[in-house]
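Enquirer: What follows is each chain in one-letter form.
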Amino acid sequence: MGETLLPQTLFLAMVGGYAATAAALVVPQSPRLSRWVGAAGSTIGASAGLALAAAVLVTGTPFVAQAPGILTPAGGLLLSLDRLGALFLAVLSGVAIPASVFGLGYTAGYGGRYSLGWMAFNTGGFLLAMSLVVCAANVITLVLAWELMALASYFLVVTEHDDPAVTRAGVWYAAMTHAGLLAILAAFFLLGAASGSTGWSFGELRSASPSLSPVVRNAVFLLALAGFGSKAGLVPLHIWLPRAHPAAPSHVSALMSGAMVKLGLYGILRVGLDLLGVGPLWWGTVVIGLGAASALVGVLYALVDDDLKRLLAYSTVENVGLVCLGIGAGMVFRSLGDLEASALAFTAALLHVINHAAFKGTLFLAVGSIVHATGTRDMNRLGGLARRMPWTTPVFLVGALGLAALPPLNGFVSEWLLFQSFLPGVASSRASIAVLLTLGVGTLALAGGLAAATCVKAFGISCLAIPRSSRAEAAHDAPGSMRAGMVALALACPALAVFTIPLLRTVTSVLGELMAVPGAWPPPNAGFTVQAPGVDARMSPVAILVVLVGVLAGVWLAVRLLASRRRRTGETWGCGRIVQTPRMQYTATAFAEPLRRVFDELYRPADDLIVDVHPDSRYFIQGIEYRSRLPRWFMRFLYGPVVQAVVWAATRTRTLQSGSVNLYLAYIVAVLVVLLGLTIGF
Amino acid sequence: MFRGPGVAIEIAQSLLALMLAPALVGLVRWIKARLQSRQGAPVWMPYAQLRRLFRKQVVVSPHASWVFHVAPFVVFGATLVVSLLVPIAVTPLPFNDVADLFTLVYLLMLATVFLALGGLDPGSAFGGMGSSREMTIAALSEPAVALAILSLAMVSGSTNLGEIAARTVADPAAALSPGYALAFVSLFIVMLAETGRLPVDNPSTHLELTMIHEAMVLEYSGPYLALLEWASWLKFFVFCVLASNLFVPWGLSTSLEPGALAVALATTLIKLVVLAAAVAVLETRVAKLRLFRVPELLAVSFVLGLLAAASSFALR
Amino acid sequence: MDHVFSHVAVLGSSGVLLCGIILLWRRSLPSYITAFRWQSITLAGLTAGVAYFGEDRNLYWVAAMILALKGLVMPRLLERMVRRFMADSEVRPYVNTASSLVISGVLVLLAYAAARPIQALATSPTRGGVPLALGLIFVSLFVIVSRRKAITQVIGFLMLENGIALLAVLGTYGVPLIVELGVFLDALMGFLVMQIFVYDIHDTFSTIDVDVLNRLKH
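Chains A, G and L supply the protein sequences, listed in that same order.
Per numbering that gives the first Met the number 0, numbering of the first sequence is gapless, rising by one per residue and ending at 681.
Per numbering that gives the first Met the number 0, numbering of the second sequence is gapless, rising by one per residue and ending at 315.
Per numbering that gives the first Met the number 0, numbering of the third sequence is gapless, rising by one per residue and ending at 217.
Source of the hints: derived by calculation from the structure; they are not laboratory data.
Any given hint might turn out to be false.
Covered by chain G, per the in silico footprint, the following chain A stretches (three or more residues, Cβ under 8 Å) [as the list claims (entries may be wrong)]:
| no. | segment |
| --- | --- |
| 1 | 405-411 |
| 2 | 455-465 |
| 3 | 505-514 |
| 4 | 544-556 |
| 5 | 586-593 |
On the chain A side, residues computed to face chain G include the following (Cβ under 10 Å) [claimed, not checked]:
| no. | residue |
| --- | --- |
| 6 | 42 |
| 7 | 336 |
| 8 | 400 |
| 9 | 539 |
Listing some non-contacts, in silico: residues in chain A with all C-beta distances to chain G over 10 Å [to be verified]:
| no. | residue |
| --- | --- |
| 10 | 18 |
| 11 | 49 |
| 12 | 57 |
| 13 | 389 |
| 14 | 392 |
| 15 | 451 |
| 16 | 452 |
| 17 | 534 |
| 18 | 566 |
| 19 | 602 |
As the structure is a computational prediction, the values presented were derived from the model and not from experiment.
For each residue, glycine too, the CB sits at the ideal point set by N, CA and C.
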C-alpha cells in the first residue's frame with residue numbers, strides 16, 4: 000500500500016465517480032434522484048481528480064496507466080499524467096466541484112422539460128473526457144478523449160433542443176469542433192508519420208521531432224495551432240464560442256469557459272512547447288498576433304453585447320487572447336535563447352489560465368443564478384437585482400472585478416505578470432521584437448481598460464438601479480446548493496491572489512519539467528512579494544489586500560465616529576419629475592454607445608434613425624425610431640464563402656441520395672470493387 | 000529600507016497628501032479666478048466645503064442598493080492607498096516593495112469602477128451618462144499610461160516608483176532625455192482626462208449634459224459626497240506629485256535626515272504650485288472638447304507614449 | 000556636452016515630428032499652416048545647433064534659408080491660398096482622426112525598426128533623431144494619402160521635404176550647401192507647380208476637394 004498505489008486509487012475514484020453518473024439514466028422516473036446522482040458522481044470524480052492532480056504536482060512523478068490491449072494497431076491506450084497535464088486537471092476539477100454543486104439546484108429548473116438523467120450522464124462524461132485529454136500520452140488516446148469531450152459537450156449545448164437558436168448554435172459548435180479535430184488529426188498524422196515511430200506515443204514524438212525537416216515542423220505547428228486554437232476560441236476561429244456558451248446550461252457554460260477552452264491552450268502548449276521543442280522565431284510572433292487580435296476582438300464585442308452570457312463568452316475570447324500573448328512572448332524569448340524571460344512569460348500565461356478559470360467560472364455561476372431567478376439573459380430587461388439577490392450580486396461583483404483585472408483580486412496578479420513579462424522583450428536588441436512587444440503592451444492595456452468598462456456595464460446595468468421588467472422585479476435569490484457552489488468559487492478569487500507565491504512555485508515546477516528554467520523562481524525567501532526576474536519589479540498581492548482592507552476599515556470607522564449619521568430617503572433627481580421609471584435609466588446599449596462610436600471603424604454598425612415630424616413644422620417631432628445592428632462581419636467575410644461552398648457541394652452530392660435501397664447497395668458494391676481493384680493493382 | 004521610521008514617514012506623508020489635496024484644488028481655482036479677472040474664493044474654501052458636507056445628512060434614493068453605500072468608501076480608500084505609494088518627500092519607502100506603477104494605475108481604476116457603479120445605482124439618467132463617459136475615458140487612457148510607464152521602466156529598469164525616482168535623482172540629466180519628456184506630456188494629458196479637468200471635463204460645470212464626474216456624484220450627499228470629492232482632489236494631488244517627482248525629482252531626499260526632508264518637502268511644494276499654475280492657465284486658455292474629440296486627444300497621448308517608449312529603447 | 004546635445008537633438012526632432020502629427024489631429028487649415036511654420040522654425044534651430052556643434056559654417060546658411068523660406072515665405076503663401084478659397088477645414092478625411100493617430104504611431108515604430116541599421120552605423124551624436132526624421136517622412140506620406148483637401152496635401156508634401164532635410168542634417172551631420180540648395184529649389188518648384196494646380200482645380204470645380212478629380216474620367 001502507500002504512495003505507489005495512491006495515484007491509482009485516486010484515478011479509479013475519479014473515473015468511477017464520473018462513470019457513476021450513468022446511474023442517473025436508470026432512474027428516469029425521479030428527476031430529483033437523477034439530479035442528486037449526477038451532482039454526487041461529478042463532485043466525487045472532480046474531488047478525486049483534484050487530489051490526483053495535487054499528488055502529481057507535489058511529487059513530480061507522473062501517473063502512468065496503459066491498456067495496450069485496446070486498439071492495439073493504433074498503439075493502445077496510454078495514459079501518463081505529467082505536471083503540465085496535472086495543472087490543467089487541477090484547474091478543470093477545481094471548477095467542476097463548485098459547478099456540480101451549483102448544478103444540483105440549477106438543473107431543477109429543467110425538470111419535466113428535459114431529461115435530467117441524460118444531462119447528468121453527459122456532464123459526467125464531459126468531465127471524464129476532459130480529464131482523460133490531459134492524461135493522454137499517445138495520439139490515439141488524446142484523439143478519442145477529445146472526440147468524446149466534443150460529443151458530450153455538444154449534447155449539453157443542445158439541452159434546450161426545442162429552441163431553434165440553440166440547435167443552430169449546436170450545428171456551429173459541431174462543425175467548428177470537427178473542423179478543429181481534422182486539423183489536429185492532420186497535425187498528429189504528419190508528426191507521427193515523419194517521426195517513424197510505431198506507437199505514436201508522446202515520448203517518441205518528442206524525441207523524434209528535433210530532427211524533422213523544418214517544413215514538417217512548421218506544418219505540424221500551424222495545423223495544431225489551428226486545431227487547438229479553434230477549441231480555445233482564438234480569433235478568427237472563435238465564432239462558435241459566443242453561440243455555444245449562452246446556449247448551454249449555466250453550470251456547463253462555466254465548465255466550458257473555465258475548463259474546456261483551456262484544453263485548447265493545453266494542446267497548443269503540449270505541441271508548441273513540449274513535443275516540438277524550440278521553434279523558429281516566427282511561431283511565437285504568430286501566436287502573439289493571434290493573441291492580440293483575440294484580446295481586442297473579444298473585449299470589443301463583449302463590451303457591446305447585451306446578452307449577459309454572450310458577453311461573458313466574448314470575454315473568454317479576450318482572456319484566451321491574453322494567455323496567448325503570454326505564450327507567444329514565451330515562445331519568442333525561448334527562440335531567442337532568453338530562458339529567464341521565457342519562463343516568466345509562460346508563468347504569466349499559465350497563472351492567467353488558473354485565474355481566469357476561477358473568475359469566469361464565478362461569473363457564469365452568478366449569471367446562471369440570475370437566469371434561474373428571472374428567466375432572461377437580456378441586460379435591458381434586468382436591473383435592481385442587488386436589492387433582491389443579496390448572495391448572487393456580491394458573487395457577481397467579485398467575478399466582475401476579477402474580469403477587470405483589478406487589485407486585490409487574482410485577475411490583477413496575472414495581468415501584472417503579463418505586463419512585466421513583456422518588459423525584457425521591449426529592451427531586446429531586435430528592433431522588430433521590441434516594436435511587436437511595445438504594441439503588445441498597448442494591446443494588453445487597452446484590453447484591460449475596456450474589460451473594466453465591460454465589468455461596470457455587466458454588473459452595473461444588470462444588478463443596479465430600477466428593475467427593467469416584471470421578472471426582474473420579482474427576482475429571488477438562489478437556493479442553498481447554488482449559493483454554496485458560487486460562493487465557494489468566488490472565494491477562490493481572493494484566495495488565489497493571496498496564495499500567489501505557492502501558485503507560482505507550482506507553475507514554475509511545471510515549466511521546469513518542460514524546459515530548462517534557470518535558477519529558482521520565485522526565490523525561496525520571497526515571502527509575499529512577487530518579484531519579476533530580469534526587470535526588477537516588485538508587487539505583493541497580500542500586502543495590497545491587507546492595506547486596502549485596513550484603510551477601508553479605518554475610513555469607515557472614522558466616518559462613522561466623526562461624521563453626521565443622519566439619513567433620509569429621497570427620490571432620485573429626475574429634473575423635477577416626481578416618478579422615476581426604469582425607462583429613464585441608461586440601458587446596456589446606451590452605456591456602451593460612446594465606446595461603440597469610438598471604434599465604429601471596427602464595428603461598422605448599421606444604424607437607422609427615423610424621425611417622424613409633424614406635417615406642419617419639422618421642429619415638432621412626433622416620434623423617433625432608432626434601430627442599430629452590429630453586422631458580424633467575421634461571419635460574412637470569412638465564413639460566408641465557406642458556408643456557401645459547403646452548401647453548394649452538399650446540393651451537388653444530394654443527387655446521390657435517391658431513397659432507393661438497391662442504389663445504396665450498389666454504391667457499397669461499387670466501392671468494394673474499386674478498393675479490391677486498387678489493392679490488387681498495388 | 001528604513002523599516003520602522005520608514006513606515007511612520009509613509010503614513011505621515013499620506014496624511015499630509017490628504018490634508019494638502021483640498022488646498023491644491025483651492026489654489027487652482029483661485030489662480031483661475033484671478034486669471035479671469037474674478038475675485039475668487041479663498042484657497043481654503045474646499046476645507047470649509049468638506050466640513051459642511053460631513054455635517055449634513057445623507058439623502059439616499061429608494062432604488063439604491065448596498066453598492067451605493069460601499070462605493071464612496073472604496074473610492075476614498077483606494078485613492079488613499081495610492082497616496083501611500085507616491086514619493087512626496089523621500090524615496091524609496093517600504094510600500095515601494097509592495098506595489099509598483101502598474102498597481103497604482105489599477106488601484107485608481109478600482110476607484111473609478113466603484114465610482115461608476117455608484118453613479119449607476121440610484122437609477123438616474125445622469126448617473127448612467129456620467130458612468131458611461133467616465134469608463135470610456137478611463138478605458139482609452141489606459142494604453143497611453145502603460146506606454147508612458149514602459150518608457151520610464153526602460154530607462155530605470157524597473158516599474159517601481161522608488162527605483163524610477165532614485166535613478167533620476169542619481170542622474171539629473173536623464174530628466175532631459177526625450178523618453179522622459181514625451182512620457183511626461185503623455186501622462187499630463189492622461190492626468191487632465193483622469194482627474195476631470197478641462198479640456199476633457201469641466202470641474203465647475205453643472206450643466207447636466209456636459210458633465211462627467213459631477214454627473215456620477217449627482218445623487219450623493221452629505222458625508223458620502225465629502226468622501227467622493229475629497230478622493231477626487233486627492234487623486235489630482237497624487238497625479239501632480241507623480242508628474243513632478245517622477246519626471247523632475249530634483250530635491251527629492253533619499254535619506255531620513257530632517258534637513259534633507261525639509262528641503263525635499265519644500266521643493267515638492269514649489270513644484271506643485273508651479274504645476275497648479277500651469278493647469279490653471281491651461282484651463283483658462285482652452286475650451287472644453289466635444290466628448291467625441293476626447294478619444295482623439297487620448298490617441299495623441301497614446302502616440303506620445305509610443306514615441307516615448309521608442310526613443311527610450313533607441314537611446315539605451 | 001555631446002550627451003546633452005544628443006538629448007536636445009532627439010527632443011527637437013520629436014518636436015518636428017509632433018508638428019507633423021498635428022496635421023492628423025487638428026482640422027482647421029490655418030492651424031496646419033501654424034504647425035508647418037513651427038516645424039520649419041524648429042528645424043532651422045536644429046540645423047543651427049548642428050552647425051554650432053559640428054563647427055560647419057555652411058550649415059548656418061542652410062538654417063537661415065530654412066527659416067526664411069519655409070518659416071516665413073511659404074506659410075505666407077499658404078495663408079493667402081486659404082484666404083482666397085475660403086476653405087477653412089479638412090472635413091471627413093478618408094481615415095478618421097483617432098485611427099489616423101494610432102496609424103501614425105505605428106508608422107513611427109516602423110521607422111524605428113527600419114532605422115536600426117542606420118543608427119548602428121552612424122556615430123554622430125544626433126543619430127537618435129534619425130528614426131524620427133524617417134517617421135516624419137512616413138507620417139507626411141500618410142497625410143498626403145489620407146486627406147481630401149489639396150492644400151492639406153501641399154502641406155503634407157512640404158512636411159515630407161522637411162523630413163528629408165531633417166534626415167540629411169541629423170544622419171550625415173550636414174550636407175554640402177550645394178546639395179541642400181538643389182533640394183530647396185526642387186521643393187520650391189514643386190510647391191509652385193502644386194500651387195498652380197490647386198488654383199486650377201479650384202477654377203474648374205470651385206472646390207479644392209481632390210475627390211472631384213475622378214469626374215475627369217468621364
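Enquirer: Each hint should be assessed against the structure and marked as holding or not.
Expert: Status of each hint after checking the structure:
1. 405-411: Coverage by chain G holds here, the residue count being 3 at a Cβ distance below 8 Å.
2. 455-465: Per the Cβ count (9), the hint holds.
3. 505-514: violated (count 0)
4. 544-556: holds (count 6)
5. 586-593: Coverage by chain G holds here, the residue count being 5 at a Cβ distance below 8 Å.
6. 42: Interface hint status for residue 42 of chain A: violated (32 Å vs cutoff 10 Å).
7. 336: Since chain G brings no Cβ nearer than about 20 Å to residue 336 of chain A, farther than 10 Å, the hint is violated.
8. 400: For residue 400 of chain A, the interface hint holds, since the closest Cβ of chain G sits about 7 Å away, which is under 10 Å.
9. 539: Given a least distance of 5 Å, the restraint on residue 539 of chain A holds.
10. 18: About 44 Å separates residue 18 of chain A from the closest Cβ of chain G, which puts it past 10 Å; holds.
11. 49: holds (30 Å)
12. 57: About 29 Å separates residue 57 of chain A from the closest Cβ of chain G, which puts it past 10 Å; holds.
13. 389: Not fine: 8 Å to the nearest Cβ puts residue 389 of chain A too close to chain G.
14. 392: Residue 392 of chain A not clear of chain G: closest Cβ-Cβ about 8 Å, inside 10 Å.
15. 451: violated (6 Å)
16. 452: Non-interface label fails for residue 452 of chain A: nearest chain G Cβ at 4 Å, not farther than 10 Å.
17. 534: violated (6 Å)
18. 566: Violated, since 5 Å does not exceed 10 Å.
19. 602: holds (14 Å)
Of the numbered hints stated above, those contradicted by the structure are hints 3, 6, 7, 13, 14, 15, 16, 17, 18, listed in ascending order.
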